[in-house]
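Please build the complete structure, drawing on both the sequences and the hints.
Chains A and B, in that order, give the protein sequences. Under this note's numbering, read the first sequence as residues 1 to 290, first letter to last. Under this note's numbering, read the second sequence as residues 1 to 319, first letter to last.
Calculated from the structure, these hints are not laboratory results. Built from N, CA and C at the ideal position, the CB exists for glycine as well. Watch out, some of these pointers could steer you wrong.
Claimed, not checked - Quick partial rundown of chain B residues pointing at chain A, CB under 7 angstroms, derived from the structure:
| # | residue |
| --- | --- |
| 1 | S31 |
| 2 | Q32 |
| 3 | E154 |
| 4 | P306 |
| 5 | L311 |
| 6 | E316 |
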Amino acid sequence: MTTTPIRLQEAFAEAGVTGRLHAVDIDTGAEVGVGADQPVVTASVHKLCVLVTLHEQAAAGRLDLTEQVECPPGDRTSGPTGLSAMLDPVRMSLRDAAYLMMAVSDNTAAELLLARVGLDAVNATTARLGLGRTRAVHSFREMFASMREDAGPGGAQALTDPYVIARLRALDPARTNHSTPRDMTRLLGAVWRDEACTPEHGLAMRRVLGLQVWPHRLAAGFPFDDVHVAGKTGSLPTVRNEVGVVEYPDGGRYAVAVFTRAARTAATLPSADSVIGTAARMAVEALRAP
Amino acid sequence: MRHLECFVAVAEESHFGRAAERLGMAQPPLSQRVQRLERHLGVRLFERTSRQVTITKAGTLLLDEARELLARSEALLATARRIRDGESGLLRAALPPDVAGETVAALLADFQQQHAGVELELRELTTTQQLAQLAAHDLDVGLIHHPCDVTGLELGPVLRREVGVLLPRGAPAAALPEVPLTALTGYDLVLFHRSAAPALHDDLLTTCARDGYTPTAVRHGQGASFVRGLILSSHAVAFSPKDAHPVHPPGTDPDIVWRPLAGAPLAWRHSVAWPKGRGDTAVSTFAAAVTRALRDTAALTADAPPRPLHLRPTAEYWL
Chain A
1 MTTTPIRLQE AFAEAGVTGR LHAVDIDTGA EVGVGADQPV VTASVHKLCV
51 LVTLHEQAAA GRLDLTEQVE CPPGDRTSGP TGLSAMLDPV RMSLRDAAYL
101 MMAVSDNTAA ELLLARVGLD AVNATTARLG LGRTRAVHSF REMFASMRED
151 AGPGGAQALT DPYVIARLRA LDPARTNHST PRDMTRLLGA VWRDEACTPE
201 HGLAMRRVLG LQVWPHRLAA GFPFDDVHVA GKTGSLPTVR NEVGVVEYPD
251 GGRYAVAVFT RAARTAATLP SADSVIGTAA RMAVEALRAP
Chain B
1 MRHLECFVAV AEESHFGRAA ERLGMAQPPL SQRVQRLERH LGVRLFERTS
51 RQVTITKAGT LLLDEARELL ARSEALLATA RRIRDGESGL LRAALPPDVA
101 GETVAALLAD FQQQHAGVEL ELRELTTTQQ LAQLAAHDLD VGLIHHPCDV
151 TGLELGPVLR REVGVLLPRG APAAALPEVP LTALTGYDLV LFHRSAAPAL
201 HDDLLTTCAR DGYTPTAVRH GQGASFVRGL ILSSHAVAFS PKDAHPVHPP
251 GTDPDIVWRP LAGAPLAWRH SVAWPKGRGD TAVSTFAAAV TRALRDTAAL
301 TADAPPRPLH LRPTAEYWL
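Laid out in structure tokens, this is it:
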């Protein structure tokens, strides 16, 4: 276990990324990490905080998860999946919007739910759960607006220019939604131990986290049919993150949070995605070693 | 300035206790400073409840300008520190090992002429070493190789040094004025060791393969004479920017020739980099001098125009 941080650093360097990781055994509290307390940009990982807030409010009776919401086509947050990519009017329940937000990282669904619960409520929830270094300073739509502004007239294409990358506010933890790897595993532990909410809501949250479709990051590190992986990714130019829980058939369950920044500015970097899973497995295996 | 620092810290931490800890001060004087600033500006910056602090709309509007002022003040302090530290002030700067001797000489001469008041302490460091020293504030400014993780840095524009190929004089491709990558088929490639810069190493090989050259074998080596030996004896080629290779002046090496690659598919890309918020006039003078020196001695060009970008759904954003 003592050499694990060095091996993790080597794996990240080999993949051309800087990586921060924290992994913890949900039941014993045994942990391993590199840069576990470094501030990191959360990007779409912050949708997990929105999900927990939504369920907390439902548990308190402040909203009904089956409540129907209208999503007209004219007012959608940009994004490549879910409601963001759809063309016609949609009406759906809050909990189905939550499913889209978690399963395909739907930015419109996330914005809609965030508007429903409020940014302050999300920060109150994370504060209540003891995540002292986690904060949402703006909505997803505002984050994309800042990127558009900082990218300038070159638009998305300019985001492969390192000079532009260095000046994006959305990539500076001091100026955008942020957390630490340790805060995120703490949140996942609370969800898995039913401390974040009632067991009924805990089950519902774990269900949608297990329905995420992306196979390329955390899940890629665990090519075992009998191992369950649930998680939420987060991505921005050069940022690739995933936080999740890995459950083994012997009952072992581990919360893992991995946050990376790639050297290359290319949008498609399979090795930077898969090292998230590789590093997570190294960490989990270290925790499982007798 | 100290008041603004308090304001920004509380805004970023959303917590008086944590902000005080970060500033290395006690909480009561921090609260007093923020209150004094609010009175001075005539604007309420935070809403305080017993459990949390939230920034007000007015606070949000002032935050960016406060940060800018602080950054300028830090730059001023950096200059002052430089003047104070040395008799004439000191700028700690770095260049990567592959920059040609003529470039270094031109840079030093130019910088001294522009900024006679500041002494330049120039170090030869790889990008990895520079990033570590910039982060630790042991280095004021450096010329880095892309790609690298630029978190926490400010950059100058990307500068492109075109890369060509070193061939044995007798190779058929040596007769061409410009060598297409496909013409290198059958040759081994001598390349720096992958661990020195994994991302750049992989990018080079991917570009070569995409343009029709998959080396029979990749041999690792970096020293000029070692590379030369492999090219002469082992049916190998190597990539090099025009300015960096000559042991002999261009065109006079009896055994090895340098040729540009057709379509300029490969380049070393650089930026001048310094820690965020610590750029001052000495740093910008250095940045301008590096750009001029590279342009004059290394046929530097502006970065290539961006290529089409097809974001896939896994990108999770769309602009």
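Cross-check of the supplied hints:
1. S31: violated (19 angstroms)
2. Q32: Violated, about 23 angstroms.
3. E154: This hint holds: B/E154 lies near chain A, its Cβ roughly 6 angstroms from the closest one there, short of 7 angstroms.
4. P306: holds (4 angstroms)
5. L311: Check passed: Cβ of B/L311 comes within 5 angstroms of chain A, closer than 7 angstroms.
6. E316: holds (4 angstroms)
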